[in-house]
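Protein chains: 2
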Amino acid sequence: MEVRIPKRTLAEGLSLLERIIPSRSSNPILTYLPIELSEQSLILRGTNGEVDLEVKLPAETQGSGRVLVPAQTFFQIVRSAPGELVELVLREGERLELRSGAFSTQLSTTNPDGYPELLFALGDGGRIVAARLAQAITRVRYAASTEEYRAIFRGVQLEMSPQGLRAVASDGYRLARYDLPMELSTRKLVVPAKSADEIVRVFKDKEEEVVFAVREGSLTLGSDSLRMSVKLMEGEFPDYERVIPQGFVMEALLKAEALRESLRRVAVLSDRNNHRVNLLFSRESLTIDAEGDYGRGREELPLEATGEPQLMVAYNAQYLIDALGPIEGTVRVRLSGPTSPTLLQAVEDEGYLAVVVPLRV
Amino acid sequence: MEVRIPKRTLAEGLSLLERIIPSRSSNPILTYLPIELSEQSLILRGTNGEVDLEVKLPAETQGSGRVLVPAQTFFQIVRSAPGELVELVLREGERLELRSGAFSTQLSTTNPDGYPELLFALGDGGRIVAARLAQAITRVRYAASTEEYRAIFRGVQLEMSPQGLRAVASDGYRLARYDLPMELSTRKLVVPAKSADEIVRVFKDKEEEVVFAVREGSLTLGSDSLRMSVKLMEGEFPDYERVIPQGFVMEALLKAEALRESLRRVAVLSDRNNHRVNLLFSRESLTIDAEGDYGRGREELPLEATGEPQLMVAYNAQYLIDALGPIEGTVRVRLSGPTSPTLLQAVEDEGYLAVVVPLRV
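Residue numbers (the working numbering), protein chains in the order written: chain Z, 14 to 374; chain H, 14 to 374.
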């Protein structure tokens, strides 16, 4: 088998696999990169046991075949290849030769038969532009739990329905939800947060459509050039809708970025344990203050408010900063009382909603 | 005491101290930042026990005084201050108030009497443009040892003489030397490599002159706005001149960057222990190859050579890559044989010289 491929194409393909293929593994064959040649394309694969990925690259090919090479070494070699083209040549049972400019290398190979078969589900469970799926996950990912307790919250729930795709994450103290209107068949899945990060990393810049397919506890996302399969978590989120407050006593509009920056500054002085900041909402201004071992900080921001003349609520500053993260422009803060959950919405992006539970006084 | 200072000026001054002041210490007072006000200047200090630094910033002041504030908290607050100006106000025995834009903070302070006195030597042991001193150290720093064995090699030796300033570092297997012509009184000092890094970090962009002064085992570098004192190592390097070869059997000229890149590529295949690469010098080309567990790599580079028609020498690739680091443009490689030290010189910068000992065949 022989292949000629632009270095840039190959390097971009490998960069998608680089974080998925482990550099060490109790099953050492997983540290190898399977390279497969079919007509006019080079197919690269990798798995970390949770996420399987297949990348198909257009290339000039001769013959076909399959070989395993040490992945980390191959990544390094391609990254530093001096030429604009990379040529790979494999003669039966020999080393893989890689040539680029004045540089050449003979890489030891391993029998590909021992490599586990990666199973990508087929079927059409709906289509979505890859980058939009990544965007929906990114908006809510921060709220996923890192605690062992209530393990299901360590995932991101994807809810498909004829109304659209909804992504949800929560750790019990906060919740983030993002809605993308589109038509899908009804289904709920929970993707482990780390695998959700891989989906974002691989698909965030891809404007092509991916097809959803679910089989045997795995979600496959497939496009012309990429197929990714992630193991799903068992179960689904408990009914989170009931923590989303419905009645409000006060509502305020603020610039999201100014609020975020201000919270960051004042939080420097907050106590190290719960990052407590006190927010005093009044009709024309918000006063943020915090006090900890090293002193006290205070800042005032302008706002527009309706409802009660004044309300004091305390939060974990980091939770508020995280919840404001996906909001550009204006945030609508809807308060249901000093100890009831607060709702944050992006005025310019109706799909996003966050709930933060205040700290007890 | 009261002071008004542009945020940028203050933040730049603090950034110099930020790495020196420890965030934790067995002597907790060292984690505080001493702030002193004198006429039209704000003086900030810090020490990690090895390196003392004093930064003098121009400022609008009223009154004088001295106070200790928690350093990490102060760094964070100033970095995130929203205004262009920062105002500090201290009333007798109270908290330090910091104001910037709509943000204000009351920082707890500590009695400054417990803070150790930083001793900066006076005297004129010669002057040098700060950035040039940093440059000389940077050129040789890589060759300093990291081994416990022969501790003196864990420093950078500075040799002052009427001929100039010479910086030298070695770990016994390689040596780097940099000469800056200038007139200084004769003296040899060894600066611990980590403190040498701090000298580089603080002075690398400073075009002002610093004055050398040595007293009681410390070197002080002083300019109008900065004073730094570093503890010196005891002793001096053994006679390293004798490892610098004098007779050569072959000499080659190559583009330093091309050689460095080529070594990086081929070294990916070298064995993990000694990074062995074989260099075959001939009259018109250099062939680099390496072989390890994962295969073999090879690359050919053009060169101009005189002397023997051909010579094969093996090196630790990393040592060669490091030695080429400070060389821009052309490198002159002077070979004294397959097992004798090799000399590398920068054709465009005569001050730099490196010696690399080949690996045994």
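What the hints contain is simulated information worked out from the structure, not anything from laboratory work.
Do not rely on the hints blindly, as some may be mistaken.
[As the list claims (entries may be wrong)] 20 angstroms max Cα-Cα, derived EDC-like pairs, lysine to aspartate or glutamate:
no.	chain 1	residue 1	chain 2	residue 2
1	Z	244	Z	25
2	Z	217	Z	25
3	H	20	Z	274
4	Z	244	Z	211
5	H	268	H	297
6	Z	20	H	297
Note that the coordinates shown come from a computational prediction; the quantities given were computed from them, not determined experimentally.
Tested hints:
A hinted pair counts as satisfied when its Cα atoms are at most 20 angstroms apart, and residue 244 of chain Z with residue 25 of chain Z does not qualify at roughly 25 angstroms. The straight-line distance between the Cα atoms of residue 217 of chain Z and residue 25 of chain Z is roughly 14 angstroms, inside the 20 angstroms bound, and the hint therefore holds. A distance of roughly 16 angstroms separates the Cα atoms of residue 20 of chain H and residue 274 of chain Z; the hinted pair therefore holds under the 20 angstroms criterion. For the proposed pair residue 244 of chain Z and residue 211 of chain Z, the alpha carbon gap of about 12 angstroms is at most 20 angstroms, so the pair holds.
A hinted pair counts as satisfied when its Cα atoms are at most 20 angstroms apart, and residue 268 of chain H with residue 297 of chain H qualifies at roughly 13 angstroms. Pair hint residue 20 of chain Z plus residue 297 of chain H does not hold up; C-alpha atoms about 28 angstroms apart against a cutoff of 20 angstroms.
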